[in-house]
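A.B. asks: Okay, here's what each chain looks like letter by letter:
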Amino acid sequence: MHQSNTLSNKPNTIRKLKDQLAKYGVATGGIMVLVALLMIFFYLLYVVKPIFDGVTVEPKLSIVLEDKFQTLALGTDDHVETAYRFTSQPALEYYQLYGPNKTDLIKSYVIRNGKPYSAFAASMPHLKQYAFAYDDNKIVIVKPQFKVGFANNRRQITPKISYPFGQDGIEVSNTRAIEKMAFAVTPEADRAALVYQTKESSAVKFTSLRGELNFMTDETEWYQETIELPIISGKVDDIHVTADLSRALLLQNGELYVFNIRFANKIKLVSKTRVVPHDRKITASSLLAGASSIIIADDSGKICQWFEVNSETGREFTKIRSFQNSNKDIQGIYPEFFRRSFAVTSSTGFIDIYFTTSNASLYEDQILDQKIEKMASSPRADAYLVQTQQGLELFDVENEHPEVTWSALWQETWYEGYSEPDYVWQSTSASDDFEPKFSLVPITFGTIKAAFYAMLFSVPIALAAAIYTAYFMPAKIRTVVKPTVEIMEALPTVILGFLAGLWLAPLIEEHLAAIAILIILLPICIIAFAFMWHNLPKPLLNRLPQGMDSLLLVPVIILVGYSLIELSPWLNDIFFDGDVRLYITDELGISFDQRNSLVVGIAMGFAVIPTIFSIAEDAVFSVPKHLSHGSLALGASQWQTLVRVVLLTASPGIFSAVMMGLGRAVGETMIVLMATGNTPIMDWSVFQGMRTLSANIAVEMPESEVGSTHYRILFLAAFVLFIFTFIFNTIAEFVRQRLRDKYSSL
Amino acid sequence: MKDWFKSGSPWIWMTAGAVSISLISVIGLLAMIAWRGLSYFWPADIYQFDVRQGDTQQVVIGEIYDREQVPSKRLLNMGVDLKGHQGETVERILVKTGNREYVDLDFRWILQTDINATEKTPGIAVFERSRNGNFYGFVEQVIKDGQPVDNEQLTVLIERAVDLADKAVDLQNGEIGSINYRLERIRLEQKSLELKGELTAEIIAQFEAEKEQLKEQYSVYEKELFQLRKALDRDEVVVRDMRDKLVTLRIADVLDVHFPNDMSTLDKTGRFFVQLGKFVTDDPREANTEGGVFPAIFGTVFMVMLMAVIVTPFGVIAAIYLHEYAAKNAVTKVIRIAVINLAGVPSIVYGVFGLGFFVYMAGGSIDQLFYPEALPNPTFGTPGVIWSALTLAILTLPVVIVSTEEGMSRIPSSLRQGSLALGATKAETLWRIIIPMASPAIMTGLILAVARAAGEVAPLMLVGVVKMAPTLPIDGNFPFVHVDRKFMHLGFHIYDVGFQSPNVEAARPLVYATAFLLVTVIIALNITAIGIRNHLREKYKSLEH
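Taken in sequence, the protein lines are chains E and U.
Heads up: the first sequence begins at 1 in the numbering used here, then just goes up one per residue.
Heads up: the second sequence begins at 1 in the numbering used here, then just goes up one per residue.
Incorrect hints may have been included.
To list a few chain E residues with every Cβ distance to chain U over 10 Å, as calculated [said to hold, decoys possible]:
#: 1; residue: K60
#: 2; residue: G211
#: 3; residue: K319
#: 4; residue: Y423
#: 5; residue: L456
Part of the chain U face toward chain E, derived, beta carbon under 8 Å [claimed, not checked]:
#: 6; residue: S9
#: 7; residue: V19
#: 8; residue: L23
#: 9; residue: M78
#: 10; residue: G79
#: 11; residue: K245
#: 12; residue: L249
#: 13; residue: I522
#: 14; residue: N526
Cross-link-like lysine-lysine pairs, in silico, DSS-like; alpha carbons within 30 Å at most [claimed, not checked]:
#: 15; chain 1: E; residue 1: K49; chain 2: E; residue 2: K138
#: 16; chain 1: U; residue 1: K426; chain 2: E; residue 2: K16
#: 17; chain 1: U; residue 1: K426; chain 2: E; residue 2: K625
#: 18; chain 1: E; residue 1: K538; chain 2: U; residue 2: K2
The set of hints was computed from the structure by calculation and includes no laboratory data.
Using N, Cα and C, we set each Cβ at its ideal position, and we do this for glycine too.
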């Protein structure tokens, strides 16, 4: 009574208002669920999207050059705040690229007082080393440097110059009148390799320099050795030396000569390969970052990547992939510092950007209406510095994720150092020269494999158990059995994973023969026991309670299992010669991981059984009783009724149960993380492990850099999982709804 | 027989077999976890083995850790002398010998054929130590302050040392930790004022004075700490180990001593419960492989409670909407599909979403707005307990919705209609009739959500869990509750100790014990939820008639 008093005392308008407020408030709350799901979807998409974005190149700055010297090489600092330029004076000049004084020449270093040089060469871009050869047998190596300081909380970059081999260079005998040369210096500047050809001679020479610190004088003493390269003679078109000082690559008349120069006393020709057709000429060539590939362009506009591949006849330079440029006059090839991207320039101001690993032509546009003389990429590949007749042009480049294309993720890709195209997932490595391998195929395969073995184990058991529980079991036992099985769903998967990895895996390895026999023997034993039971004297049978079959079988199964485990050493002796692992690896030639798919299948099967059981049991149980009663009344046996009437009616529900189970198996993380070796291999073998999408995320996500390609690909993996399970769950739910409507009409 | 097959009866038996297999595996699994987990606390007998391998004769003291059967053939192939042993297999036992700093291996496999004699020698003491694991040996002499005293005094001295060590730890984590925390706050406040341009010489002086004062306090506490440590160093115990050598142990390193071979079953039972208590209340030691799991329990409970606070209102409101307000239209259908999908999305996807959206996006923005002084060190822009709670709240939302809705659908509509007929508005009916009646169902949903969250590990690995958190999310420093901190979690503890620890063998029993703890909590929660639900069903059934 008290309640109704308080209600009627309030003015009606306020009550109405409250009612409306509640209505809208609750509706908002309801919609929030949908918003949450959409938010996950769109957020994942938002993080993934940039990897599929195209490349943009925008002009940013022009610098008019006043001197009339020729430009030899260009570059910028890490933050694109200062540009440098080597001129033919020879000098190293620095230009400001930001702030109020931008475009100003801020510093100029004249090298060897402007003494004329005979040849100039640049190292791989990330080493930032440049060499001048002089007619007095001197080689000067110059390295632009940027000193970063902080003043007033603002980064201050001071350009400097350094001479790793001294300001006056190093004397290398007989290097007069060099026409073409290439060099490489180790980062510690203790070894250098120089390959060159002089104007006078047709031979190509190689000089190896090795510095040793003299502890008495604290000066570096240089030992040098000069050798004439065998076989090759005559003018060469181009020379390259790899950054690890192990190979010299020479191009002559459309042929590529590769020399092993790692040891000065064992110089030998590794391969001689024709790289362009006889009627074509090489217009440009360059080593790619990582220095194991060479990019060669010919006058038909075809650009090819070549690298060394292990073949039956030894190591061979092989054409890996080619790109067709629509401009036939390729002027230069400019690789990036660390990634496998390179840009190609043409005489008409076109720039094309390619990425080798993903086989992608990323960009093609005429960015200038005049010839591009020289070009350089900034260290982080976020800007290009271009030299034209008038001066320098700076372009902003947006090219964050060239590694990812649809084909690189899902198709076979030929990676450096591999003998053939393959699916590989290897995201990180300690080395800078590393080519990231982002193929989602092995880990998607692993996911499917894990789910397949789990379903193979769980579907028969879960469905059979569900059918028996729903159809044959007395109601009293059912109320105990059903929650008992369902409680397994609540069991944390980390515990299942831990048991699978540390208990089940060694157990299976030790009792493999017993377990294999168990799978075959168990059904036979069950039927034998049933037959025995069936033939028990009728009076005895009638006195025993009905429908207890499952409980009766419990001791039988335990007994069979236990005796097989006890007999296991003896069984192993018969089937596997005493040692399972040795036998499988040595005799059968199958590699055997302790934490293999069998373990995952059983452990994850366990996790999935309650899901499938619970939904399938509901579906069978809710089949209207009059259907089965009708069938039985017409004389069908229990089994016939079950198969022809009940299961048929419940089949959509059973299908939806399997789908739900599959959805769970695909996304399960902890079990696969702990019960497999997590190696991304592609092999259906039961005795090998796998790496799944979910485990891959759990392993690699904490180490990936925010915003990097790797980070975004892991988000893509999550997105793929999301879509997978979304489809399975939606189908399952849809089928279930249909079924429910059908039953209510029955 | 043919008829029997034709009747389909064998197939029915097969389905019955599947039920049996499921039941055996569920109950067997739980029983195994319980057995292995609980036996960790039971004081094991210590054996003295007389071992002869080749020509060397040696005494091994330790507890039997594991047994296995090895095929004799394999051993003979390896050139092992089986001393004329006949039979297919040989038993091999794994002995935990402890004394890690004096022997090469603290676990060793010994073949039964190599053992001449096994004896359960009385008087073997097991020392539990704060470093280097257990020590097994015979107590020879107890030294108190340089003077030998009666051996009976050992337990008293150990208790004193443990007390002092506790005090030292309290001082270090409590008072000294608090001073460090305040010093850090002062530094951040100063930086914050500097960024705002409000830093004056006056304020700096004030800060300096405060710092000075704190430093003074610090030196006082430091002195106290040194004194405690000195007092700890006073006593020693001399022990004869299995090499028959005398070893002096500092009592400061000893946490506990017991003599399992001299204990009666009653004593052992008592000790079992003491050990169980210690496991639940102690901090972990030695890279989590020894000691208790208190911080993990605390972290799990705290995170789960935080999550419950977030998920309950949302879940209940969504359920009310779906059951009481939503019209039968496409939008409702889509929302229902969304609920099902939220329940089906793999948990790791929530982890990825939580890391990107909550940690980096939301947390990063909070740092920019409210904690610029701490940058580049993130405050909220790094995994933490609040982000874990939020992530798991989304993950468990469907559990609460489904359970609440189920409860509401069981409330007879006559009650609703009665209330409306008496003139109550829909909101009033909801508030006075439906929600009170559905509250046990809400409770059920909440319990199930908590059980689910407590067992979830994969998303937490990305959004906030760590193997070793230096501080709990609640402490004595203002603002007392630190939701930005990382935390420890029982499930992750199992993964970390079982798979990432350097000495997996030594850590395994602890992992089983932790697993048992976690399983017990989760199963208990689930059974409670099922109980409430069944009770509710009965209640409403009686209302309908």
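A.B. asks: Next, verify each hint and record whether it holds.
C.D. replies: Status of each hint after checking the structure:
no.	hint	verdict
1	K60	holds (27 Å)
2	G211	holds (40 Å)
3	K319	holds (40 Å)
4	Y423	holds (22 Å)
5	L456	holds (14 Å)
6	S9	holds (7 Å)
7	V19	holds (4 Å)
8	L23	holds (6 Å)
9	M78	violated (10 Å)
10	G79	violated (15 Å)
11	K245	violated (35 Å)
12	L249	violated (32 Å)
13	I522	holds (6 Å)
14	N526	holds (5 Å)
15	K49(E) to K138(E)	violated (53 Å)
16	K426(U) to K16(E)	holds (9 Å)
17	K426(U) to K625(E)	violated (38 Å)
18	K538(E) to K2(U)	holds (19 Å)
When the structure is compared with the earlier hints, violations turn up for hints 9, 10, 11, 12, 15 and 17 and for no others.
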